[in-house]
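These protein sequences, in sequence, are chains A and B. Under my numbering, the first sequence has 89 at position 89, and the numbering climbs by one with no breaks. Under my numbering, the second sequence has 1122 at position 122, and the numbering climbs by one with no breaks.
In case anyone wonders, no lab produced these hints; they're calculated from the structure. We put the beta carbon where it would ideally sit given N, CA and C, even for glycine. Mixed in with the good hints, there may be bad ones.
Unchecked claim - Once the Cα atoms are required to be at most 16 Å apart in a straight line, the calculated EDC-like pairs of lysine to aspartate or glutamate come out as:
(1) A/Lys-40 x B/Glu-1383
(2) A/Lys-85 x B/Glu-1385
(3) A/Lys-90 x A/Glu-21
(4) A/Lys-17 x A/Glu-32
(5) A/Lys-17 x A/Glu-72
(6) A/Lys-85 x B/Glu-1383
(7) A/Lys-85 x B/Glu-1382
(8) A/Lys-5 x A/Asp-54
(9) A/Lys-17 x B/Glu-1382
(10) A/Lys-2 x A/Asp-67
(11) A/Lys-2 x A/Asp-88
(12) A/Lys-34 x A/Asp-54
(13) A/Lys-18 x B/Glu-1385
What the hints assert, rightly or not - Here are a few chain A residues that face chain B, going by a calculated C-beta distance under 8 Å:
(14) Glu-11
(15) Glu-14
(16) Ile-42
(17) Leu-44
(18) Val-53
As the list claims (entries may be wrong) - Beyond 12 Å from chain A on every Cβ pair, some chain B residues (computed):
(19) Ile-1127
(20) Trp-1146
(21) Leu-1256
(22) Ala-1380
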Amino acid sequence: MKLVKAIIKPERFEFVKKALEEKGYAGMTITEVKGRGEQKGIALQYRGKTMSVDMLPKIQIEIVVRDSAEDELIGLIMQAARTGKIGDGKIFVLPVEKAIRIRTGEVESQ
Amino acid sequence: MALDTGATAWILASTALVMLMTPGVGFFYGGLVRRKNIISMIALSFVAFALVSIQWVTLGYSLAFGPDVGGFIGNLNFLGLNGVGMDAGDGTYPPLLFMIFQLVFATVTMAIVTSGVAERIKFSSFIIFALIWTTVVYDPLAHWAWGGGWASQFGSLDFAGGTVVHISSGFAALALAIVIGKRTGFGEHLMEPANIPMTLLGATMLWFGWFGFNSGSALAANGLAANAFVVTNIAAAAGALAWMFASWYHGKPSSLGLVSGAIAGLVAITPAAGYVGAMAAIAIGAVAGLICYGMMLLRIRKGMDESLDAWAIHGMGGLWGALATGIFAAAAVNGYSGLIEGNVHQFIANATGAFAALIYAFVVTLVIAFVIDKTIGLRATEEEEYVGLDISQHGERT
């Protein structure tokens, strides 16, 4: 299994959620986070002075899927979250050893 | 005339009540925008209050209430409050008090206009816009209705400012929204209100302040003031329930619908408060709730980003109120009859006053906004808008 962790623009979240839902990926955990990338946020020009706003609000989506679904999921997130502008975010993929459903105790490891 | 201490005391208290409405608009609007723009919305109302206060005592009061020039505007006799004294002149209260009572009306009008530019206005440009708008739009309109201008000579009734305050600000907000354009991403993704409880508190300040707005406009502590107080509350209640039930039909009875309906009712009863009785107030308020709800839906359907619905609620609610005053005015309340009592002229006079103000406010605002946009620019840059006006314009965070 893989943990797909996508950090996206908050205003794209509804699109991503809808795109994933249409392909059957309903379960997810989200966190409101702040962060910055290589550009160190956004630099604003104010009266000739530069004021930089780093740590912009983002939404982090975490979804665990079988290995076979990884590529499709990443493709869907890319498509729905992308605006083509700076700050669209990043996707990280991590290995997952096992998943346990608390209600039933059911264990899934592959 | 001799100074009436009762009247003077009540106008003093009313002025303080109405003052609360300007920040009230700020909190009402602040809760409706996204979190990155809450401070900006409240700051716009506060700066409107400060700017218009200074404009009013130096120039605005004289333009609105100075001796009439051609029915259009007052002259400059009262410039810098020259001759605006502490002794009761022609009335039963000091002209100085009347001046400050009118000041808080001018400030709240300016605050209502900010709906049309929410989340995208460049703060410095708003300051320039506000100074021009209050001078060129508000002051003449106040003169037409209350300062001895053509509308009052023609017999158009506006008790507390349905036309002067609400039609003018509502249609100005629409004109501004057209010139400045939609918020980035409007219609593409959800722009959910950041803080509904703050909006409800703002609405509380508005409802509370409105007692001073309407009842204080009797300019006396008497039965007419009591009537205005009563019908104000009744229309607000009827508007709240009407909007709630209408929106319930489409979904849930939201708290935002309740208070929006209350404000619609308050707007509509404003011009009528001194001319109609309690039962007419139920009709005026309820119809206002339905009309304004419908206008909000229409605005959304048309994809128009008049962001916080000043047009739907203040503009269209004010228009209904002006017409309703011409329909429901009852001689038993204040000696004026409306359409129901067979006085067609009253309806025509009110419709004329309302539509003239509507067109004047809309067209002149379009021109002012257009010129400012082409010269210094009305709108914040795309990055500033994306980061939010709180940080980009004020350097502050909620």
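Results of checking the hints against the structure:
| no. | hint | verdict |
| --- | --- | --- |
| 1 | A/Lys-40 x B/Glu-1383 | holds, 14 Å |
| 2 | A/Lys-85 x B/Glu-1385 | holds, 15 Å |
| 3 | A/Lys-90 x A/Glu-21 | violated, 20 Å |
| 4 | A/Lys-17 x A/Glu-32 | holds, 15 Å |
| 5 | A/Lys-17 x A/Glu-72 | holds, 14 Å |
| 6 | A/Lys-85 x B/Glu-1383 | holds, 11 Å |
| 7 | A/Lys-85 x B/Glu-1382 | holds, 12 Å |
| 8 | A/Lys-5 x A/Asp-54 | violated, 21 Å |
| 9 | A/Lys-17 x B/Glu-1382 | violated, 26 Å |
| 10 | A/Lys-2 x A/Asp-67 | holds, 6 Å |
| 11 | A/Lys-2 x A/Asp-88 | violated, 22 Å |
| 12 | A/Lys-34 x A/Asp-54 | holds, 9 Å |
| 13 | A/Lys-18 x B/Glu-1385 | violated, 26 Å |
| 14 | Glu-11 | holds, 5 Å |
| 15 | Glu-14 | holds, 6 Å |
| 16 | Ile-42 | holds, 5 Å |
| 17 | Leu-44 | holds, 5 Å |
| 18 | Val-53 | holds, 5 Å |
| 19 | Ile-1127 | holds, 14 Å |
| 20 | Trp-1146 | holds, 41 Å |
| 21 | Leu-1256 | holds, 20 Å |
| 22 | Ala-1380 | violated, 9 Å |
The earlier numbered hints that this structure contradicts are 3, 8, 9, 11, 13 and 22.
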